[in-house]
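From first to last, the protein sequence lines are chains A and B.
1 is the number of the first residue of the first sequence in this note's numbering; add one for each residue after it.
1 is the number of the first residue of the second sequence in this note's numbering; add one for each residue after it.
Rather than coming from a laboratory, the hints here were simulated on the basis of the structure.
Even glycine gets a Cβ: it sits at the ideal position worked out from N, Cα and C.
What follows is a list of derived Cβ distance ranges for each label pair: (1) B:Lys6 <-> A:Gly204: 29 to 39 angstroms; (2) B:Val10 <-> A:Asn30: 21 to 31 angstroms; (3) B:Lys2 <-> A:Ile339: 39 to 49 angstroms.
Derived contacts from chain B toward chain A, CB cut-off under 7 angstroms, selection only: (4) Ile17; (5) Met37; (6) Gly38; (7) Ile52.
Chain A residues, not near chain B, derived (Cβ > 10 angstroms throughout): (8) His56; (9) Met69; (10) Ser260.
Letter by letter, the chains look like this.
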Amino acid sequence: MSSIGLVKKLVAQTNEFERTPIPDDQLKGNKSFLGMYAGEHTAGTEFVIGPLFVAHGVGAIDLVLGLLMGNLLAVMSWGLITAPIATAKRMTLYYQLERIAGKNLVRWYNLVNALMFCFLAGSMIAVSATAVGIPFDLEMPTLNDWLPRTPGWIITVLVMGAVITLVAIQGYNQVSKFANVMSPWMILIFIAAGIVGLAQLGVGSVESLISVAQEVIWNGVPLPGMSRFTIWHIIFFSWFCNMAMHIGMSDLTILRYAKSWTSGFAVFTGVYLGHFVAWIASGILYAVFLQANTGSQEFAPGQIAYQTLGIAGAVCVIIAGWTTANPTIYRAGLALQGIFPNVPTWKITAIVGGITSLAACFPALVMKLLDFVALYGLLLMPMGAVIFADFYFAKKMGFRSEAALSTKSNFNLPALLSWVLTLGFCLGLNLFYGVEIFFLGLPGWFVAVAIFVTLSKMKYPLTKSLAK
Amino acid sequence: MKSVLKIASVIGLMLSIVPPVLFFLGNMDLDTMKLWMGIGMLAWMVTAPFWINKKEDRRPKTEEN
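Next up, chain A with everything else stripped away, as it sits in the complex:
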């Protein structure tokens, strides 16, 4: 099959029910979502986030309690905020947003989304490169690196980016299937990493586990140049690292297939495997690396996994990074195609791959992954708040639901102002009050809801005949 033919086929498949509610015979039970979410949240990012918690000097009790609470809040957000709207409307995020905010605003949303996807995919290419570079004795980036250290790093990343982009253009389905196949093995490798790491740190009993965890792994002392994380950082990061998906409503697209809104809670398998077990395990791996390389500032997930688990560890890092980067590039391409519908998907995917590969040259994307993930969610969250407010408050507060659709408009000013003013408010909190990016999502969400409701009531009030 020609590449263009394949791309057409892929696009046709992903456009299923894009502008119509999911029919009843296509609905899925909770079991489908359990498996899907378990695989989706054990990804390349997990090899970076766990070690960064160690580097930020979080304490052991703070980490465990913070992850338990933050992940619970994330599950509740999916189950109580996203899933009820998804199963009531059964529309994709994009179409739901278009009905409320209009086509023009959705274009801007797509652009921001595509850029964020590019940077996320770039960080995953860089993570994979830290494993690919091992046989070539590549000099690895360090924690405080923003720029590439050597031409070898740039060449490795660009070659990997080119390969991943070609695969994204030609074989998304195969990568998706391969990721599904490798998911159970990757989860076991994370668990194995934790077991081996603990043994290497001298853990032999429950008492020694507690003392090693508190004094060696998560000892509360940040590495040079890193800020110190508290339990609040962990709670808010684990709650909001997928902010774009739950309160940002991206997962409307997935959960619209659910028979019952309770499927939203199925995400607990994913977050507690990926954002609890995997983060703890990768943190242990990094602590082993730090013990073996005292004073090292090197931060290379591939190298770290290879030292403890051998070839299986390095391959796991490559696969985890690749299988995260690949669909992300493809999604970025689709998001941009919403803006440029007449440009062939393969050309857009190639451009996105180029941007992603260039971004991947900069190790800052990996070293600042926690901040980037928080920013990604924050930028998209206000549009999720708009969907929430439109669904729950339109009738109660007396404004038109799905205003763009009902007024046949391509633009909704309250939605735009809700987005822009919320981000301005968050920026102000950050610049003038020093509130860190991890904590901006919660106040930002309430501000976005309040702005949208107030302005919609002014611009799109329900007339008496409509209110009936």
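Fit chain B to the known structure of chain A by using the hints.
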């Protein structure tokens, strides 16, 4: 044939987790553990694709847009 592949896949997974447990218990050295984990990885990679995903399930797509 399919059941043989499934058994080989399960052995692959077992080789990915049992050697680390044996290492933890002090019954295996690190290099041997790494070797068995590498073999387990190969066993899983060459057998699992032939039976996982074979029955095409139309599960919800994760692609946005």
